[in-house]
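Here is how the chains run, residue by residue.
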Amino acid sequence: MKITITDWKDVAGWRWDVPDDEVCGICRVPFDACCPTCKIPGDDCPLIWGECSHVFHMHCLLKWLEAESSQQQCPMDRRPWVTAK
Amino acid sequence: MHKIWAQRKAEAAVQKLEQKRPAGSTPAERLLQKELSELVELKDTKIIPTESILKFNMLYRPSEGYYKGGEFEFKFVIGTNFPHEPPKVLCTNHIYHPNIDTAGNICLNILREDWKPVLNIQAVIFGIRMLFQEPNPEDPLNKDAAKQMVNNPQEFARIVKSSMSGYRIGDVEYDNVLVGLEHDKAW
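Same order as they appear, the protein sequences are chains A and Z. No gaps in the numbering here: position 52 of the first sequence is 52 in UniProt numbering, and each next residue is one more. No gaps in the numbering here: position 44 of the second sequence is 44 in UniProt numbering, and each next residue is one more.
There may be inaccurate statements among the hints.
Stated by the list, open to error - Here are the simulated distance ranges between beta carbons:
hint, chain 1, residue 1, chain 2, residue 2, range
1, Z, 43, A, 33, 33 to 39 angstroms
2, A, 80, Z, 36, 29 to 35 angstroms
3, A, 53, Z, 178, 46 to 52 angstroms
4, A, 32, Z, 178, 28 to 34 angstroms
5, Z, 80, A, 32, 24 to 30 angstroms
6, Z, 157, A, 33, 49 to 55 angstroms
7, Z, 110, A, 51, 22 to 28 angstroms
8, Z, 63, A, 78, 27 to 33 angstroms
9, A, 17, Z, 112, 52 to 58 angstroms
Bear in mind the hints are in silico, worked out from the structure with no lab data behind them. Don't be surprised by glycine CBs; every beta carbon is placed ideally from N, CA and C.
Okay, chain Z solo, but in the shape it has when bound (with noise of 0.2 angstroms):
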C-alpha cells in the first residue's frame, strides 16, 4: 500500500513537472531537453534552468588552476536552429582571463568556426572547463592578460587572484567572484 502512495506521488511529481515544461515542441527544444536529461553529473558545475528550455545557466567552481577559488557564472542561449548553429555562451561575470573579453564573450573554437551539428551541450561545457583549467594565450581576446600569461606567469596568476576579489586593474574593474569556504561543499 505505502509502495503504491509513493509511486503516485512520483507520478504526480513527474505530471507537475511536465506540465512546467511541456515536452519540446520544436527539435531544438526537444534535443535540448534530452541533451540536459543526459548530462554527466559534474562535481564543479551546475545546471541552473530557467522557465526557456532554450535559456539556462551555468555556474562552474573550477577545482584547479588559476581560477580556483571563485565561482563562474555562464549564459546558455540556444538558437531554434540548434544543432545545426552552436549554442550562444556568454560569461555573465568581468574576469581577467586571456580567452574571454570583460563583456563575457568567450574564445572557444567550438562555439565558432569548429561547431558541428554532432557536437553537444555537453561538449561545450567540457570545452569551457578547458579554458579554466588551461588558459590558451595563443588565441586571445584579452591580449594583454595573454601577453601577460606567456611573458610573466607569476605575475600573471597574481593579476587573476586580485582580479577575482573585485579589485580594479588598469581601468577596469572586475567581479569578486570567490566562493571561499564554500568552495569544497557540495552545491
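Pulled out of the complex, with its shape left as it was, chain A reads as follows (with noise of 0.2 angstroms):
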C-alpha cells in the first residue's frame, strides 16, 4: 500500500524540571502552574532555583525579596538568597 502524507500536526508536552506534584512554597501553586499573578505558565512565568537548592516560582521569591522584611533571605531555610547559576 502507498500512503502520500499531505498534512500532519505536531504535539509536544513540557514541564519544568522538578520532582512530579511539587509546588511552589510561597504560593502552594504547582510550579507546573504558574504564580498566582500570572495567567499562562511557560517562559514568561519561569522558576527561580538558588544554591540552598531551593526552588520558587521566579516572580513569588521576587515579591518576597522586594520586601524589606525579608533582609534577602530564602523563605525556607533564612540563609542570604543566591541565585544558582
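Put the complex together from the two separate chains, hints included.
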C-alpha cells in the first residue's frame, strides 16, 4: 500500500525539571502552573533556583525579596538568597 | 437509586456552599481557602468562619498548662498581600499572659519579624497554642506578668487562675474565660 502524507500536526508537552506534584512554597500553586499573578505558565513565569537548592516561582520569590522583612534571605532556610547559575 | 439521590443531595450541598463562599477571586483568598481546607483537625481548637474568607475566629481550649480550663478567642484578619505579610491576630479576651497585652496584641515571633511566606495559618495556630502551653517570659508584652512568672511561678499560677474567673487585678478587669465542665466535651 502506498500512502502520501499531505499534512501533519506536531504536539509536544513540557514541564519544569522539578519532582512531580511539587508546589511553590510561597503560593502553594504547582510549579507547572504559573504564579498567582500570571495567567499562562511557561517562559513568561519561570522558576528560580537558589544555591541552597530551594526553588520557587520567580515572581513569588522576587516579591518576597522586595519586602524589607525578607532581608534578602531564602524564605525556607533564611540563608542569604543566592540564585543558582 | 438511593445512592444517586444521596449523591445529588451532596452535590447540591456543595453547590450551595460554593455559592455562599465563591472560589476566591484574589490569590490571597484562593490560598487561604486551600489552607483552611487542609488544616489539621485539633481537638482543642475550632475555627469559626465569617462571611469573608479573609476573616475568621478561632476558639482554643488549652488542655494543659496554666491556662487549662479556659476558652480563648482569637480574631484572624488576613491582608490581600498574604502570604507575603503575616495574618493579623488578636486575642479578643482580656487575659493575664506574659506575651499578650490587655488590648489583645500577641507577641509571637512568626506574627512579626520571623514571618516568611512559606509559613501558613497552621503554623500560627501551633504558635499560639505553644504560647499558652509555655508562656515565654523572655519576650514579654505584659512585663509584670513575665516578672511574676519568673520570680514566683506559684503566685503567677494563682493570678492566672483568678484572672481567668474574671477578677479585677490591680486596675485591670479580666474576662471570665472559664468553660467549666464543658471543657472536655467535644465542640
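Next on the checklist: Taking the Cβ atom of residue 43(Z) and the Cβ atom of residue 33(A), is their distance within the range 33 to 39 angstroms?
Outcome noted: Because 35 angstroms falls inside the window, the suggested range holds.
Checklist entry - residue 17(A) and residue 112(Z), beta-carbon distance inside 52 to 58 angstroms? => result Given range 52 to 58 angstroms: violated, Cβ gap about 36 angstroms.
Checklist entry - CB of residue 80(A) to CB of residue 36(Z), is that within 29 to 35 angstroms? => result holds, 33 angstroms
Item to check | residue 32(A) and residue 80(Z) - C-beta distance against the hinted 24 to 30 angstroms | outcome: For residue 80(Z) and residue 32(A) the Cβ distance comes to about 25 angstroms; the hint holds.
Checklist entry - Is the distance from the Cβ of residue 53(A) to the Cβ of residue 178(Z) consistent with 46 to 52 angstroms? => result For residue 53(A) and residue 178(Z) the Cβ distance comes to about 50 angstroms; the hint holds.
Checklist entry - Falls inside 22 to 28 angstroms, the C-beta gap from residue 110(Z) to residue 51(A)? => result The hint (22 to 28 angstroms, Cβ to Cβ) holds, given that residue 110(Z) and residue 51(A) are roughly 25 angstroms apart.
Next on the checklist: Between the beta carbons of residue 63(Z) and residue 78(A), is the distance compatible with 27 to 33 angstroms?
Outcome noted: holds, 32 angstroms
Item to check | residue 32(A) paired with residue 178(Z), Cβ distance criterion 28 to 34 angstroms | outcome: About 51 angstroms separates the Cβ atoms of residue 32(A) and residue 178(Z), which means 28 to 34 angstroms is violated.
Next on the checklist: Between the beta carbons of residue 157(Z) and residue 33(A), is the distance compatible with 49 to 55 angstroms?
Outcome noted: holds, 51 angstroms
The structure fails hints 4 and 9 (numbered hints given earlier, in ascending order).
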